[in-house]
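So the chains spell out like this:
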Amino acid sequence: MNSKSRLHIPHPPARPGEKPDFSYLQISPAGVVARPDVNAHARDIESLAYDMVRVLDDDHSAIGPWHPHLDPQDLQVALRHIMLTRIFDDRMLRNQRQGKTTFYMKSTGEEAVSIAQCMALEPGDMCFPSYRNQGLYVARGRSLVDLMCQCLSNTRDMCKGRQMPIMYHWREGRIFSISGNLTTQVPQAVGWAMAAAIKGEDDIAATWVGDGSTAEPDFHHALTFASVYQAPVLINVVNNQWAISTFQAFAGGERRPFAARGLGYGIPGIRVDGNDFLAVYGVTRWAAERARKGYGPTLVEHVTYRASGHSTSDDPSRYRPKEEWDDWPLGDPLERLKQHLIALGEWSEDRHETLNEELEKHVMDCWKEAMSYGTLTDGPKLDPDEMFEDVFAEMPEHLKKQRAHLKKLRS
Amino acid sequence: MANMNMIQALNSAMDIMLARDPAVVIMGEDVGYFGGVFRCTDGLQRKYGEHRVLDSPISEGGIMATAIGMGVNGLRPVAEIQFADYIYPAFDQIVSELARLRYRSAGDFWAPVTVRTPCGGGIRGGQTHSQSPEGIFTHVCGVKVVMPSNPYDAKGLLISAIEDDDPVIFFEPKRIYNGPFDGDANKPAVPWTTHPKGDVPEGYYTVPIGKSDIVSAGTDVTILTYGTMVHVAEAAAQRGNIDAEIIDIRTMIPLDVDTITSSVKKTGRCVIVHEATRFSGFGAELTATVQEECFWHLEAPIQRVTGWDTPYPHAFEWEYFPGQERVVEALELVMEPA
Chain P
1 MNSKSRLHIP HPPARPGEKP DFSYLQISPA GVVARPDVNA HARDIESLAY
51 DMVRVLDDDH SAIGPWHPHL DPQDLQVALR HIMLTRIFDD RMLRNQRQGK
101 TTFYMKSTGE EAVSIAQCMA LEPGDMCFPS YRNQGLYVAR GRSLVDLMCQ
151 CLSNTRDMCK GRQMPIMYHW REGRIFSISG NLTTQVPQAV GWAMAAAIKG
201 EDDIAATWVG DGSTAEPDFH HALTFASVYQ APVLINVVNN QWAISTFQAF
251 AGGERRPFAA RGLGYGIPGI RVDGNDFLAV YGVTRWAAER ARKGYGPTLV
301 EHVTYRASGH STSDDPSRYR PKEEWDDWPL GDPLERLKQH LIALGEWSED
351 RHETLNEELE KHVMDCWKEA MSYGTLTDGP KLDPDEMFED VFAEMPEHLK
401 KQRAHLKKLR S
Chain S
1 MANMNMIQAL NSAMDIMLAR DPAVVIMGED VGYFGGVFRC TDGLQRKYGE
51 HRVLDSPISE GGIMATAIGM GVNGLRPVAE IQFADYIYPA FDQIVSELAR
101 LRYRSAGDFW APVTVRTPCG GGIRGGQTHS QSPEGIFTHV CGVKVVMPSN
151 PYDAKGLLIS AIEDDDPVIF FEPKRIYNGP FDGDANKPAV PWTTHPKGDV
201 PEGYYTVPIG KSDIVSAGTD VTILTYGTMV HVAEAAAQRG NIDAEIIDIR
251 TMIPLDVDTI TSSVKKTGRC VIVHEATRFS GFGAELTATV QEECFWHLEA
301 PIQRVTGWDT PYPHAFEWEY FPGQERVVEA LELVMEPA
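Those protein sequence lines, which keep their order, are chains P and S. In terms of this note's numbering, the first sequence has 210 at position 210, counting the first letter as 1, and numbering is strictly consecutive. In terms of this note's numbering, the second sequence has 152 at position 152, counting the first letter as 1, and numbering is strictly consecutive.
If you are wondering where the hints come from, they were derived from the structure by calculation, not from laboratory data. Honestly, I wouldn't trust all of these hints.
[To be verified] Pairs of lysine-lysine residues, derived as DSSO-like cross-links and limited to a Cα-Cα distance of at most 27 Å, are as follows:
{"#": "1", "chain 1": "S", "residue 1": "K266", "chain 2": "P", "residue 2": "K401"}
{"#": "2", "chain 1": "P", "residue 1": "K400", "chain 2": "S", "residue 2": "K211"}
{"#": "3", "chain 1": "S", "residue 1": "K265", "chain 2": "P", "residue 2": "K400"}
{"#": "4", "chain 1": "P", "residue 1": "K19", "chain 2": "P", "residue 2": "K322"}
{"#": "5", "chain 1": "P", "residue 1": "K100", "chain 2": "P", "residue 2": "K361"}
So here's chain S without its partners, still in its complex pose:
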């Protein structure tokens, strides 16, 4: 066991998979010699060579398309899109090709591509370095969508993603690369050494795709969340002195419906928290699922805490970011007696 931040944990996952499986290749902008702008692939090219860890042209569409071709030819590419905000040039290749290849060829062709991409705000990245576009991809049939909230899960989920024969879009909340962040930007940064999920086995292990994680058990209300917002939700529940059951969704597709519904049936209340914008966001899918499965157990309307439906602003980062205050407000609202 070692203490790792999320960057080191992701690096360790790729290191292990490059060593275990000669079919694994890494490609992306700045991932090779430099080791990635966030250092996630640091040292891997030196260790495995330029044919396994490829610096690519600045061309997300080209990265995705060639990764698909490599996948069809027996490789297991891990493609990095430097920021989730830059993923759109690759959109057609993901939606029309990567996601549907197995289906349209009746199982004869597929491409086991993992797409790693840093997402989310809280880093003064403005509208081109802060987006959380996971909901755009959960609407696509044929890709799995994953977002870890800590180093332990990040490593185990990334190994699972690389080994998965289906394409996986792997979102990495970059605000928590170096430490958990509870939404309070005025507090000093906290490293992962302070958090139990910063303890990461050095060797191979997996965290299954399709399973959410109950971060803290509780009886008053169920909070459904993922990524950075797991930590914000924990802090908000403490601050509001509410006995919340916090579920880290971890995998949006396939969704672990059972864990969600068992919890809401127990608590009778549900708050959904994500950084992404509200309208048609993934929270809408969670809301619908809870309503369909748990309607007769609900004591109050489901609440959503999300980013505002505007592009992500540079100057108003903390007015935009759905911090503790907004989560507490939703918790109090949902706890009000009928």
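Next up, chain P with everything else stripped away, as it sits in the complex:
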């Protein structure tokens, strides 16, 4: 190895056994970042891509121009959504570990991104999620039983057994099908938004991609088309620091914030504390209003931390210090919102504990119901005939023939 090589190999600040070090993270104090008008030109608000919009301060107060001034009832709903998402994730991880499902991906530590954004969007707005946005389903009120049935590939699986667990979709709820191939949804969201504009409809699109996936060419396609046509779209980079074992520096994060990627395209970039529910909500309202009024797209980078492994298939203790999550300087979005509500006098530890128990029971009840519709190994099964449906709108002859062949083999 040539130690004098000019080739730079990025490194995370710490690997297992080393002390976590988040000194690379630039953090603005809460309340200090100015909130421009929604029609501001990208070049006049470039600093938003480097600063960090934060609303909740260390004393759990909400301050500054991005404070969305939500009713306490709405904040309680938000807290409930975040808690439910976390409990759901924990339950589904345990189910996978018990061999009930083949795979799972938790969103622990970054729930506020999906919940706050979904609450800040309108019901008609179309979401193009990545695979760690289960909070969208919780916030839009999809039954957890339906999500669980998908993970079980059982008789009520919305995907009819065709997708790995967590690759949900919800047409009526306006949440697009999760691909599994990374970043493909981002330029699709731009196209959806272009169509909304062509049709003269007010709906906007929102899409999510991880820090690592910004390296895919689709991210560039999305920003180019969004900029060229000023599509009413909100492009979110969820920078949770890790792409499986690969630190975000390998996607270019150590040179400039991901939010600054927008600037080269003439798209405003906003860097936001992704664990601050109110900041994410406030930024989303700004970007959504900008898009809806015809001032074009916004790129938002949510700085957060993936508290769990990438999926049930990797062990994060093999590539990063276990203590990172405890040392993460932006804290836990659930805890921060909870403490804010307590500081407002609108919540208490007792109420929290009661709600927690209620949600635990709800998730367990949902799981029992989902299991009654079958699992991969037990109970009622999907009909393998379904395998041949939906390849085309109408089944062509060659598939009919193959379906009949399989039927014969099974009889």
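Following the hints, position chain S against chain P.
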């Protein structure tokens, strides 16, 4: 009825569909103001506006992805990829997204996108403007694949493709845009006015996807072909004085197996002709189909006439192009008594 070349026929199809269905939009590189590098969208932006006929960035992946998003949001996009040779940046969006969206969402989401793209050689385009990649897409589950060989079919098939709720990859053999080409580059160019399929109704009509066309009936041998090679095969059969039944496949997916097998069962001989490279080409699928369905009727091994398994060369265009001579050779081989 009017006489049209393939460019005019395709233009007419898009014109009619833009007028009939407000959901139809055209997008692609140079398709708007300029009307396309081959003029297929000439005048359409002027007529329907910049919001219906969109000039796009030079980004095939972006064109495909945004067309999918538009399709999901209720539009019926017709995306032009300027040359089939440029389609590969869009490959993931076609294979992993466009083709599988309906399947993976159990029928809840789909994108009725038509992808138009000029293909094939004979125009001195070298390896970046001559490819015939249809076989790459026939291996993908969830897209229909079409290639017309004349103006009449081009218009009727394109209207069918645009109206189809499934994605359609629509290959346009650019060597025959302006006239039929029989493979002899030394002869003067012939316009479509000389060909009966250059007569095209001015209004709306469709040619069904999934149906091949018997171009000429015959008894000695069945020639399975499509695109430019239909015309080469016709000339070769005449030159070889062989009574060939020539079938223009027209649609590769879904394949019209019945028309193919009835013909081969009748003639007992089969030659497959395509411009694309041989190895794992669409001809291999046709060969397998004929073997499976017609083995006991075959009098001779099936022959394939294809492009050589090399990239498409610039300087050796006519050594590369599977012209009449190679088709005649295959016909003679298949006609040899056992």
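Verification of the supplied hints:
1. The straight-line distance between the Cα atoms of K266/S and K401/P is roughly 23 Å, inside the 27 Å bound, and the hint therefore holds.
2. A distance of roughly 17 Å separates the Cα atoms of K400/P and K211/S; the hinted pair therefore holds under the 27 Å criterion.
3. Simply put, K265/S and K400/P have alpha-carbon atoms about 23 Å apart, close enough for the 27 Å limit, and the pair holds.
4. Of the supplied pair hints, the one linking K19/P and K322/P holds, its CA atoms being roughly 9 Å apart against a limit of 27 Å.
5. Taking the CA atoms of K100/P and K361/P, the gap is near 19 Å; set against the 27 Å cutoff, the hint holds.
Consistency note: the structure conflicts with none of the earlier hints.
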